[in-house]
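With the hints as your guide, set chain B onto chain A.
Protein chains in written order, with the numbering used here: chain A, 25 to 327; chain B, 323 to 578.
Honestly, the hints are just simulated from the structure, not real lab data. Virtual Cβ for every residue (Gly too), placed ideally from N, Cα, C. Hints may contain errors.
To be verified - Residues from chain B that keep clear of chain A, each with C-beta distances beyond 12 angstroms, as calculated:
1) Leu362
2) Leu364
3) Leu449
Claimed, not checked - Facing chain A, from chain B, some residues (calculated, C-beta under 7 angstroms):
4) Leu325
5) Ile326
6) Lys336
7) Thr344
8) Met413
9) Phe417
10) Val418
11) Asn420
12) Val576
13) Arg577
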Amino acid sequence: MATIECVNLNKDYENTKAITDLSFTIEENTITGLIGRNGAGKTTLLKIIKGFIKPTSGDIKVFGTNPFDCLSVSANSFFTDDNMEFPSTFNLSKLLEETSKFYPNWDSSLAKGLFDYFGLNPKQYHGNLSKGQNSTFNMIVALSSHSALTIFDEPTSGMDASVRKDFYRALLKDYLQYPRTIIVSSHMLSELEGILENILLIKNGTKVLHLPVDELKEMAIGLKGDISSINTFIENKAIIHSEKNNGNQLLVVVKNDFSKAALEKAKLSGIEILPVSIEDLCVYLTAKSERGIDDVFDRTKRI
Amino acid sequence: MYLIEPSVFDIAKKQYLFKLKTNFGLFFSLIIVQMFAILLTLSGMSGSTSTGGSGFDITISFISGNIVIVLTLIWALSISITMTSIKDINMDFTFVSNRLTSSCSNIGLLITLSFYAGIATALSSNLIRILYYYIYHSKNIVNEGFFISPKYILMNIISTVLYIILIISIGYFLGSLFQHNKVFIILFFAIPFGIIFGLKLFSSNLNGTSIYFLTNIFNFYFKEGSLIIFAIKVLITVAVLFSIAVLLSKRLEVRK
Numbered sequence: 025m026a027t028i029e030c031v032n033l034n035k036d037y038e039n040t041k042a043i044t045d046l047s048f049t050i051e052e053n054t055i056t057g058l059i060g061r062n063g064a065g066k067t068t069l070l071k072i073i074k075g076f077i078k079p080t081s082g083d084i085k086v087f088g089t090n091p092f093d094c095l096s097v098s099a100n101s102f103f104t105d106d107n108m109e110f111p112s113t114f115n116l117s118k119l120l121e122e123t124s125k126f127y128p129n130w131d132s133s134l135a136k137g138l139f140d141y142f143g144l145n146p147k148q149y150h151g152n153l154s155k156g157q158n159s160t161f162n163m164i165v166a167l168s169s170h171s172a173l174t175i176f177d178e179p180t181s182g183m184d185a186s187v188r189k190d191f192y193r194a195l196l197k198d199y200l201q202y203p204r205t206i207i208v209s210s211h212m213l214s215e216l217e218g219i220l221e222n223i224l225l226i227k228n229g230t231k232v233l234h235l236p237v238d239e240l241k242e243m244a245i246g247l248k249g250d251i252s253s254i255n256t257f258i259e260n261k262a263i264i265h266s267e268k269n270n271g272n273q274l275l276v277v278v279k280n281d282f283s284k285a286a287l288e289k290a291k292l293s294g295i296e297i298l299p300v301s302i303e304d305l306c307v308y309l310t311a312k313s314e315r316g317i318d319d320v321f322d323r324t325k326r327i
Numbered sequence: 323m324y325l326i327e328p329s330v331f332d333i334a335k336k337q338y339l340f341k342l343k344t345n346f347g348l349f350f351s352l353i354i355v356q357m358f359a360i361l362l363t364l365s366g367m368s369g370s371t372s373t374g375g376s377g378f379d380i381t382i383s384f385i386s387g388n389i390v391i392v393l394t395l396i397w398a399l400s401i402s403i404t405m406t407s408i409k410d411i412n413m414d415f416t417f418v419s420n421r422l423t424s425s426c427s428n429i430g431l432l433i434t435l436s437f438y439a440g441i442a443t444a445l446s447s448n449l450i451r452i453l454y455y456y457i458y459h460s461k462n463i464v465n466e467g468f469f470i471s472p473k474y475i476l477m478n479i480i481s482t483v484l485y486i487i488l489i490i491s492i493g494y495f496l497g498s499l500f501q502h503n504k505v506f507i508i509l510f511f512a513i514p515f516g517i518i519f520g521l522k523l524f525s526s527n528l529n530g531t532s533i534y535f536l537t538n539i540f541n542f543y544f545k546e547g548s549l550i551i552f553a554i555k556v557l558i559t560v561a562v563l564f565s566i567a568v569l570l571s572k573r574l575e576v577r578k
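Next comes chain A alone, as it looks inside the complex (with noise of 0.2 angstroms):
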């Protein structure tokens, strides 16, 4: 059964279209990237997805019914992002128990190890928490809730290097005991993509590809070489990205279909052929413009 199904969907705020025409379908039971640049609308689905906002037009279903105020999808869901509203009047532990009562599935053994293992102080209170700190409370009540539907909207932020790591693989670990869908949305594809199953990349609100990561992976290779000989090799290809390197050296990044033979032959004219690696990809896939930030800097071209 599919968690999600998306048809069409649009959302205008006042002088803007966060969202344009979105279609997507995610399963039960896996784990989906949401990627895309600042502003790319990948906050605004969330949000209609978890029912906080209503959609313009198009259809939306997360479990088979309309989320907007719908009280068995709240149930059955946690949002979490930098902006959660707690009550200032509990300190942390007494949070976690008052929290605990509104999930049925909730996983105190989970909550309390997590807890402790982050070094979390009880007697603390959410509003002087470190952003760091808050992002990993808000992550500790998110897992714990076990909810079928389980939103991370930019989880990591303010969270060091180490606790990053910890928390992807305290995902994980949770996910393969108790098999649920979860949405990460985030912009370090790179630590995630060991743990992500779907990427679903938008640019503008709308939906540029929704693949399985290892899909993604083999989607692209970067071809690097003197212009001309990269030029005559890919002709009449769609360039997804291309840079120029110091003097007459040129790398482009192409859809991979090319046969194998096509590729030893590019090899022996002195084409080198380099992966490309998910986070790379997607970047280029939804760059704003033609130019390169190197282009701004370029003082030649700049009249």
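Leaving out everything else, chain B in the frame of chain A:
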């Protein structure tokens, strides 16, 4: 993973108990408000008349719990408006919630606070009597109406609770209106000014019918002689106001 089937009543009850704990400070705030009001009352802020003659001076002070009631009603209005703040609503949506359970638990909390405040207010008049008795000595107190029967205290409690619930429903309704569209905040302050100016300009033409209309509304609630009819009037008004507030909240987007 199986899906949970929550009931509205069950979630609203959980939220109600949760809010009872998180809003414990409101119970204390009323104690402070009423202590302040009692101090004002005892320091002679209530009405008094003085007459003097040759060789004697008479001061008659009327002690009433009106200041306590007025301040309590202001307290009730302010807490009910703030309960609809977007921050509080967002907090509900950190956990399991929909608009209906969020409103129901708010209303439940406000009604609980109304009973608490109503009982406290009604009993404060007894406290004022006792304090007055000890501070100003018994001989100067006119006995009539000083001792009140339990039946009268009970009626006092019921009517005070009803007044507070009425005010709270008005506050909650206004708060929901403001939350629905900020334009209503401006309208809320503009309309009374408009009415006052309008009446000033056209009062000669209207022969005071508008003022008559307003006093009619006021008298409808506040000059009712029968407790039962008063209770029915209040409860119907409260039900209508709360229902509109719930309907307004249904369309509200949260966590924007």
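To see whether the hints hold, each was checked on the structure:
no.: 1; hint: Leu362; verdict: holds (30 angstroms)
no.: 2; hint: Leu364; verdict: holds (33 angstroms)
no.: 3; hint: Leu449; verdict: holds (29 angstroms)
no.: 4; hint: Leu325; verdict: holds (5 angstroms)
no.: 5; hint: Ile326; verdict: holds (5 angstroms)
no.: 6; hint: Lys336; verdict: holds (6 angstroms)
no.: 7; hint: Thr344; verdict: holds (4 angstroms)
no.: 8; hint: Met413; verdict: holds (4 angstroms)
no.: 9; hint: Phe417; verdict: holds (4 angstroms)
no.: 10; hint: Val418; verdict: holds (5 angstroms)
no.: 11; hint: Asn420; verdict: holds (4 angstroms)
no.: 12; hint: Val576; verdict: holds (5 angstroms)
no.: 13; hint: Arg577; verdict: holds (4 angstroms)
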